[in-house]
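Residue-level listing of the chains:
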Amino acid sequence: MSHDYLLLTIFLAIAIVFPLIPLALAWLWARFLSPAKPGKDKQSIYECGIESKGPARIQFQAHYYLYALVFLVFDVETVFLLPFAAIGFVKISVASFLAIMVFLLLLVESLVWAWAKGVLEWK
Amino acid sequence: MNTAFQLFKYLTPESFLAETAFFVLIAGLFKSTASRRTMLLSLTLLGGLASIAWIALHPENIVICHGMAVIDPLTRFIKIAIVGLSLIACVYAAASNVREHLAEYLALILFSTIGMMLLAGTEDLLMIFIALEMTSIPLYILTGYLKKSSASAEAALKYFLVGGVSAAFLLFGLSLIYGVTGCTALQDLAKVPPATFRDPLFLAGVVMAMAGFGFKVAAVPFHLWAPDVYEGAPTPSAALIASGSKVAGFLILAKLLIYGLYQARGSAVWAAMQPGWLPMLGLIAAASIIVGNLAALSQSNVKRILAYSAIAQSGYMLLGLMAADKTGLSSVLFYVIVYALTTLGAFGVCAIVEQRRGGSQLHHFEGLHQSAPGLALCMGVFMISLAGIPPLAGFFGKFYLFAGALGSVTKDGHMGLLWLLIIAIAFNAVSLYYYLIVLKHVFVIPPAAEPAPRSPRSAAGTLVGLLAIAIFTLGIYPGLLLDPIHNAVKTAAWLASPHPQPKTLPGITK
Amino acid sequence: MPTALFPTATLLSALAGILLILILPSRWGGAAKWIALLSALTGFGFAVAAFRAYDLSAAQPIQFQLDLPWVEALRIHFATGTDGVSLVMLLLTGIIAITGVLFSWNVTQQPRAFFALFLTIIGGVYGVFQSLDLFLLFVFYEIVIIPKYFLISNWGSTNREYGAMKLTIYSVAGSALVLLGILGIYVLAPGAALNLQSLAKVTFPHSFQLWAFPVMFIGFGVLAGLWPFHTWAPTGHVAAPTAVSMLLAGVVMKLGSFSALRVAMTLFPDGLAAWRMPLAILATIGLLYGALVALAQRDLKFVVGYSSINHMGFVLLGLLTLNSLGLTGAVLQMFSHGVIGGLLFAVVGRMLYDRTHTRDITTLGGMGLAKALPFAAFTFTLASAASMGMPGFSGFIAEISILLGAWKSFPVLLIFAMLGAGVTVAFTLRALQRSFFPSLAAAQSAAAANPHATEPLPPITLPERLGAAVLMAATLAAGIFPKFLIDPILHSFESPQSLMHHLIQGVTR
Chain E
1 MSHDYLLLTI FLAIAIVFPL IPLALAWLWA RFLSPAKPGK DKQSIYECGI ESKGPARIQF
61 QAHYYLYALV FLVFDVETVF LLPFAAIGFV KISVASFLAI MVFLLLLVES LVWAWAKGVL
121 EWK
Chain B
124 MNTAFQLFKY LTPESFLAET AFFVLIAGLF KSTASRRTML LSLTLLGGLA SIAWIALHPE
184 NIVICHGMAV IDPLTRFIKI AIVGLSLIAC VYAAASNVRE HLAEYLALIL FSTIGMMLLA
244 GTEDLLMIFI ALEMTSIPLY ILTGYLKKSS ASAEAALKYF LVGGVSAAFL LFGLSLIYGV
304 TGCTALQDLA KVPPATFRDP LFLAGVVMAM AGFGFKVAAV PFHLWAPDVY EGAPTPSAAL
364 IASGSKVAGF LILAKLLIYG LYQARGSAVW AAMQPGWLPM LGLIAAASII VGNLAALSQS
424 NVKRILAYSA IAQSGYMLLG LMAADKTGLS SVLFYVIVYA LTTLGAFGVC AIVEQRRGGS
484 QLHHFEGLHQ SAPGLALCMG VFMISLAGIP PLAGFFGKFY LFAGALGSVT KDGHMGLLWL
544 LIIAIAFNAV SLYYYLIVLK HVFVIPPAAE PAPRSPRSAA GTLVGLLAIA IFTLGIYPGL
604 LLDPIHNAVK TAAWLASPHP QPKTLPGITK
Chain W
634 MPTALFPTAT LLSALAGILL ILILPSRWGG AAKWIALLSA LTGFGFAVAA FRAYDLSAAQ
694 PIQFQLDLPW VEALRIHFAT GTDGVSLVML LLTGIIAITG VLFSWNVTQQ PRAFFALFLT
754 IIGGVYGVFQ SLDLFLLFVF YEIVIIPKYF LISNWGSTNR EYGAMKLTIY SVAGSALVLL
814 GILGIYVLAP GAALNLQSLA KVTFPHSFQL WAFPVMFIGF GVLAGLWPFH TWAPTGHVAA
874 PTAVSMLLAG VVMKLGSFSA LRVAMTLFPD GLAAWRMPLA ILATIGLLYG ALVALAQRDL
934 KFVVGYSSIN HMGFVLLGLL TLNSLGLTGA VLQMFSHGVI GGLLFAVVGR MLYDRTHTRD
994 ITTLGGMGLA KALPFAAFTF TLASAASMGM PGFSGFIAEI SILLGAWKSF PVLLIFAMLG
1054 AGVTVAFTLR ALQRSFFPSL AAAQSAAAAN PHATEPLPPI TLPERLGAAV LMAATLAAGI
1114 FPKFLIDPIL HSFESPQSLM HHLIQGVTR
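Protein chains in written order, with my numbering: chain E, 1 to 123; chain B, 124 to 633; chain W, 634 to 1142.
Honestly, the hints are just simulated from the structure, not real lab data.
Where a beta carbon is used, it is the ideal one built from N, C-alpha and C, also for glycine.
Incorrect hints may have been included.
Stated by the list, open to error - Pairs of lysine to any residue residues, derived as SDA-like cross-links and limited to a Cα-Cα distance of at most 20 Å, are as follows:
1) B:K534 <-> W:H839
2) B:K132 <-> E:F103
3) W:K799 <-> B:Y556
4) B:K271 <-> B:H224
5) E:K91 <-> E:M101
6) W:K1116 <-> W:F1029
7) E:K117 <-> B:I149
8) W:K1004 <-> W:D993
9) B:K154 <-> E:A116
Stated by the list, open to error - Now the in silico label distances, taken between C-beta atoms and shown as ranges:
10) W:M910 <-> B:D322: 51 to 59 Å
11) E:L120 <-> B:M162: 39 to 47 Å
12) E:V94 <-> B:M162: 32 to 40 Å
13) W:L645 <-> B:I149: 51 to 59 Å
14) W:R931 <-> B:W393: 27 to 35 Å
15) B:F295 <-> E:V108: 31 to 39 Å
16) E:V94 <-> B:V186: 45 to 53 Å
17) W:L652 <-> B:A549: 34 to 42 Å
Throw the hints in and build the complete structure from the sequences for me.
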């Protein structure tokens, strides 16, 4: 048992050290070979070459969140439908078919509700 | 018979509620008028009553899918109680100041109720988690329903975060239990050899699972969400949280601990403690009683007082659960239902006062005995019942709880749980102070401003009155509720009977 | 009505009174006092009828028994029955109920609520004195607590909110101790359920009795004014309106001592033997302490409040003497002090304070009360004489019995008790003299200091006269012809079938 864990420990150590080496090298390079010399043009925000004007912050549109929610729900529904589609059509019983249809109908009804409440409109 | 068919057939009450919820959602898409609110409420009540009728008319005894869902007299009784309590919360919701999105509010209450019913009717670890989440998530939304109130948003966030963390703990704990014992069904857990229960991983799993349940019933140290949620949430949501989810939570905790983990119970007898869930429950109960009662003493908002009192009452109920036999479960179920009715009534009064006076701080209740004497009397009944003063139901419930717990570990005159009883009774006496403070403001302190004119009756007011009458009746004749509970608990084969009664009295007969 | 139901009828009359008052519309609020009076009279009538129907020759002292199943799951029954001691207490309750209503005839603020709460307390007190089931006894014991809070905080006088809360919290704390004992009894003797008669036959484990007895005795003692748990009493009595003070001193404190006798002393003989001396010492300290503190008071109601502590100290001492003289004296003192305390509070509260709006004895001295309110002076003199233990009044028989009983059991404590009796004379006479019959110089200086001194005072009304007459008649009757009370009491203790028989024979069975 100690043999297995020893290997694992060595692996863990290497896994931690391995990414740290380039980081350490980069830090050393930045410190000794290319120290920071900030300037006004160098620190300005990149906006595809154009002069940037106005504040960098834009208000987050809450609608993105609502879309993500609705997407998530139907995405999970798709995941649940996958096994049913792959195997179920041939081998499933009536009751299970009924169960998956009920599931589908419930989600369709929630889509109808969301539609009627105006969630799907971008304002 | 195919398992899926079984599920459809035997979970019809839950389906009724689901269908009602969807009908209500669709009905809510039309234009909002006052009569439409009544229509929504009637639809909800119809669906709920149909569900109750179905449960009452179909006495069955069946275990579906190796414990996923269980229909027996005990679960049927508790499901009826849960639906009844939710319907009362629905009436409050319709009568409250939730103006827009009432349909969604009612639908969410119904979804949470479905979760509670599934929680009450399950004997499988995985299903416990699913049902618990299904109960909690609509409650998070219901807590944050008042969009313009920052207290509501804060309450919802706190509830969600604490709930999320405890759900994570619960799941991890349940999976540890599964990992050690290899079974998810409670009936299999009950048959695991006791040696397995000494595994430290298993004990860790039980403690973590307790974190999840402790959150649901607001026991210390998982209680920090309760004061803010009870205060900030719209009153019908707080009423539902305080009543229905507690009933389901205690039943499933009882099932998990007494059915599944009976052999791991240990002992909480003073100076003879053994490792298991009994001493853990004892500590949590003692802490809840102490913290809940002490913290309530300095509150100035009636809903916060009710929250801390809920924490303390959970402590008493956990104490009753420690009896781990038929008496213990009966006493806990009796008390939790009585407590749910009392809290619903108290929140109803708070809701009405909030609507008329604009808040539920103590000073908003001043002069209530002049402007609404019936309501003031009802509040008196509720507060005195919560304090455990006869002849109301709360006193009998506490007496039964304490007697059951004390009697379960009494041998040869030594009462093992006496230490816990002393704490419970002492702090129960302390609790009268803050209940009396509320009543002082209601009955004694004259109102600062002009006394409000007599307010008209409302549906919520009538409901509050009925609840007060129920509490009073149950106090005079507790058999009304106790006998059905006893009949339901008698059939639970997994519960031990209490100590057999001796035929002769231990002493000299004259 | 069969005689067996007479004691229960006292309960029912109180209940009927409450219900009738509650359905009165608010503009007929004045009728509430008539309903209350009728209910009190009916209750007293039934108590007297039961008293007369009591069979002194029966072997079983507990008569008029009623047993109805109540909560079958815990085998709790609505079991009531009375013996001689209970009957004497029921009589006392009836008298206090009637006179309490009479002395509250002038209540105009929310009369319906006042009399409904008053009758609730009366009903609860009737219930405690008849209960044979511990759960039922506890239910009635606790029913009394909440109405007291509202009566004092709404209709009381000095410091009423503080006094009401203090009284209530103390009462609940005492009840919590009692509940602990009851739960212990319940789980240790499951076959007997909570029926007192069955429980009296059970021998409880010695270790249990050693802690359960003091816990229950002190729990009941809180309400009975056991020193040092008595501090709610002076504040509470002073804050309370007159009728409630009469109730408190008259019957509610007796609930504590009666229940201590009926429950703690009957069920735990071993515990009693072990704790007898310390508790007797506490009783004597309370006796002396109450008297000494009363000697220093300036507020007349505080004098009477502390005299209650003094008299209850006698009761508790008498209970602990464990011989028939002392025990009989204790029960007689319960009756006697109930009546006398009621009379004293009635005079101070209703006759004096409602008219003069002061209770300071020096200020009262300046008002020439002997001339202005001769009936009040007469009543207070009589009550003071009774309180001092003057022969001819009930207090004498009671106190002499207790002292003689104490001579047999606690000869050393007897000295302190007699000292206490002496100080009682001192503080009573001081209060009487300074308030009603001051010296000329004291009267003149007090009158000069008080601008309202010479205002005319309204005369004593008829209800007050009737109430005072009833109380004075009661104390005189018990003082001149105590046999009618002593016979039932002795019968309850000396019957071989009595549950309390072991108390007069020494402690062990």
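Verification of the hints:
1. As the CA atoms of K534 (chain B) and H839 (chain W) are separated by approximately 14 Å, the hinted pair is consistent with the 20 Å bound.
2. Pair hint K132 (chain B) plus F103 (chain E) holds up; C-alpha atoms about 16 Å apart against a cutoff of 20 Å.
3. With a C-alpha separation of about 10 Å, the suggested pairing of K799 (chain W) with Y556 (chain B) holds against the 20 Å cut-off.
4. Between K271 (chain B) and H224 (chain B) the CA atoms are separated by roughly 14 Å; this keeps the pair inside 20 Å, and the hint holds.
5. Taking the CA atoms of K91 (chain E) and M101 (chain E), the gap is near 16 Å; set against the 20 Å cutoff, the hint holds.
6. In summary, the hint linking K1116 (chain W) to F1029 (chain W) is supported, as the alpha carbons are separated by about 14 Å, within the 20 Å threshold.
7. For a cut-off of 20 Å, the pair hint linking K117 (chain E) to I149 (chain B) stands: about 10 Å separates their Cα positions.
8. Taken as a hint, the K1004 (chain W) and D993 (chain W) pair is honoured in the structure, with Cα atoms around 18 Å apart against an allowance of 20 Å.
9. This hinted pair checks out: K154 (chain B) and A116 (chain E) have alpha carbons roughly 12 Å apart, not beyond 20 Å.
10. Checked against the hint of 51 to 59 Å, the C-beta distance between M910 (chain W) and D322 (chain B) comes to roughly 56 Å, which is consistent with it.
11. Between L120 (chain E) and M162 (chain B) the CB atoms are about 27 Å apart, so this pair departs from the stated range of 39 to 47 Å.
12. Hint check: V94 (chain E) to M162 (chain B), Cβ distance near 36 Å, so the stated range 32 to 40 Å holds.
13. Take L645 (chain W) and I149 (chain B): their Cβ atoms lie about 57 Å apart, and the range 51 to 59 Å holds.
14. Roughly 50 Å separates the CB atoms of R931 (chain W) and W393 (chain B), a value that falls outside the hinted 27 to 35 Å.
15. The hinted range of 31 to 39 Å is satisfied by F295 (chain B) and V108 (chain E), whose Cβ atoms lie roughly 35 Å apart.
16. Between V94 (chain E) and V186 (chain B) the beta carbon distance is about 23 Å. The supplied range of 45 to 53 Å is therefore violated.
17. Separated by about 36 Å at the C-beta atoms, L652 (chain W) and A549 (chain B) satisfy the suggested range of 34 to 42 Å.
Consistency with the previously given hints fails for numbers 11, 14 and 16, ordered from lowest to highest.
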